[in-house]
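Undergrad: Taken in sequence, the protein lines are chains G and E.
Position in the first sequence counted from 1, then plus 439, gives you this note's numbering.
Position in the second sequence counted from 1, then plus 153, gives you this note's numbering.
Worth double-checking, as some hints may not be accurate.
Straight-line C-alpha distance at most 25 angstroms; calculated DSS-like pairs for lysine-lysine [to be verified]:
| hint | chain 1 | residue 1 | chain 2 | residue 2 |
| --- | --- | --- | --- | --- |
| 1 | E | K281 | G | K561 |
| 2 | E | K213 | G | K561 |
| 3 | E | K281 | G | K582 |
| 4 | G | K558 | E | K205 |
| 5 | E | K192 | G | K590 |
These are computed hints drawn from the structure, not numbers from a lab.
As a plain string of letters, each chain reads:
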Amino acid sequence: MAKFKKKGGKGTPAISTASLPDIIFMLLFFFMVTTTMREATLLVKIKPPEATEVQKLEKKSLVDYIYIGPPQKKQLGTDSRIQLNDQFATDLKDIREFIELGRSQRDEADRKLITTSLKVDKDTKMGIVTDVKQELREVGAFKINYSTAKKQIAKR
Amino acid sequence: MARPVNEINAGSMADIAFLLLIFFLVTTTMDVDTGITRKLPPPPPEDMEDIKVKERNIFKVLVNKNDRLLLNGIPGDIGELRSRTMEFLRSGDLKNPASSTDMPEKREADIPLLGGQIWISKGIISLKNDRGTSYDMYIQVQNELAAAIRELRDELSNKFFGMRFDQLTDEDKIDAIQEAVPVAISEAEPEDIGGK
Numbered sequence: 440m441a442k443f444k445k446k447g448g449k450g451t452p453a454i455s456t457a458s459l460p461d462i463i464f465m466l467l468f469f470f471m472v473t474t475t476m477r478e479a480t481l482l483v484k485i486k487p488p489e490a491t492e493v494q495k496l497e498k499k500s501l502v503d504y505i506y507i508g509p510p511q512k513k514q515l516g517t518d519s520r521i522q523l524n525d526q527f528a529t530d531l532k533d534i535r536e537f538i539e540l541g542r543s544q545r546d547e548a549d550r551k552l553i554t555t556s557l558k559v560d561k562d563t564k565m566g567i568v569t570d571v572k573q574e575l576r577e578v579g580a581f582k583i584n585y586s587t588a589k590k591q592i593a594k595r
Numbered sequence: 154m155a156r157p158v159n160e161i162n163a164g165s166m167a168d169i170a171f172l173l174l175i176f177f178l179v180t181t182t183m184d185v186d187t188g189i190t191r192k193l194p195p196p197p198p199e200d201m202e203d204i205k206v207k208e209r210n211i212f213k214v215l216v217n218k219n220d221r222l223l224l225n226g227i228p229g230d231i232g233e234l235r236s237r238t239m240e241f242l243r244s245g246d247l248k249n250p251a252s253s254t255d256m257p258e259k260r261e262a263d264i265p266l267l268g269g270q271i272w273i274s275k276g277i278i279s280l281k282n283d284r285g286t287s288y289d290m291y292i293q294v295q296n297e298l299a300a301a302i303r304e305l306r307d308e309l310s311n312k313f314f315g316m317r318f319d320q321l322t323d324e325d326k327i328d329a330i331q332e333a334v335p336v337a338i339s340e341a342e343p344e345d346i347g348g349k
């Protein structure tokens, strides 16, 4: 007859999980830090129009944004203005520079895939939008995206 | 004599941290950018002559500075734009080269997946807006046109492949449908009537 085994004895000691929280916290901080969005601070008010036939904008790293809308500061008037990066465009020719800067920051192979997203306030008149579009045509930035919110409606 | 203090069990610390981590992962979903994608035409060369297109092949959509619509010369409503566009662009019988005189002409196309030699509509939508048109109205019009084209594609896709266009996964099939129902929207330079 076998004898009763002694309790304890040679079992492997449990791995200390005391450092696990630290690892997880590290992950947590990593995510918190990396998910900061790189987007310009808006100087213009933008209420996008709504549409039903919207597509998702893929590959955000290949998108340049042009904002058009009335300035947030009332002193600057209520006329719609163009914002490129962090400042107002003073002239339509600035768009050319903006697009070319965007191109030079991307790889040669990706340059054709750059999309220009137009974020335009819904009360803006088409005149200024058309000017921008003409300028984009001149520069050769043909892929554009009219930024719109998705409208949820029942099917007609 | 001070009693030895029991060590606090830190085993659940990991769970708490996990919970936080998952909370942040879930809440930091970035707002997805959505929009209507369009391709601008390249600037016309200096010496380009006007391309002549027959009247019956064009569906004229005009938007004035008061956001009112003119569809082929008759005042229209945004609600009927989609059905009118679909009616205009629909190719009808793909095997028949003729079309009724009030519909656009047809051109021949060779798309093997849709039955080889087929005849598709030559129709073009000409969109013209005023500089004073509001952007919101412009997007609504673009949206209706996009919807019309999508529904036509769905129709064709349902007929040949038995599923909606956006459910297709085969690249060749997608290309075939896209070729049969192109995004035929031409934008004229706007006129300055309403001012900025």
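Undergrad: Indicate, hint by hint, whether the structure satisfies it.
TA: Hints, one by one, checked against the model:
1. E:K281 / G:K561: 18 angstroms, holds
2. E:K213 / G:K561: Holds. E:K213 to G:K561 sits at ~24 angstroms (cutoff 25 angstroms).
3. E:K281 / G:K582: 20 angstroms, holds
4. G:K558 / E:K205: 35 angstroms, violated
5. E:K192 / G:K590: 22 angstroms, holds
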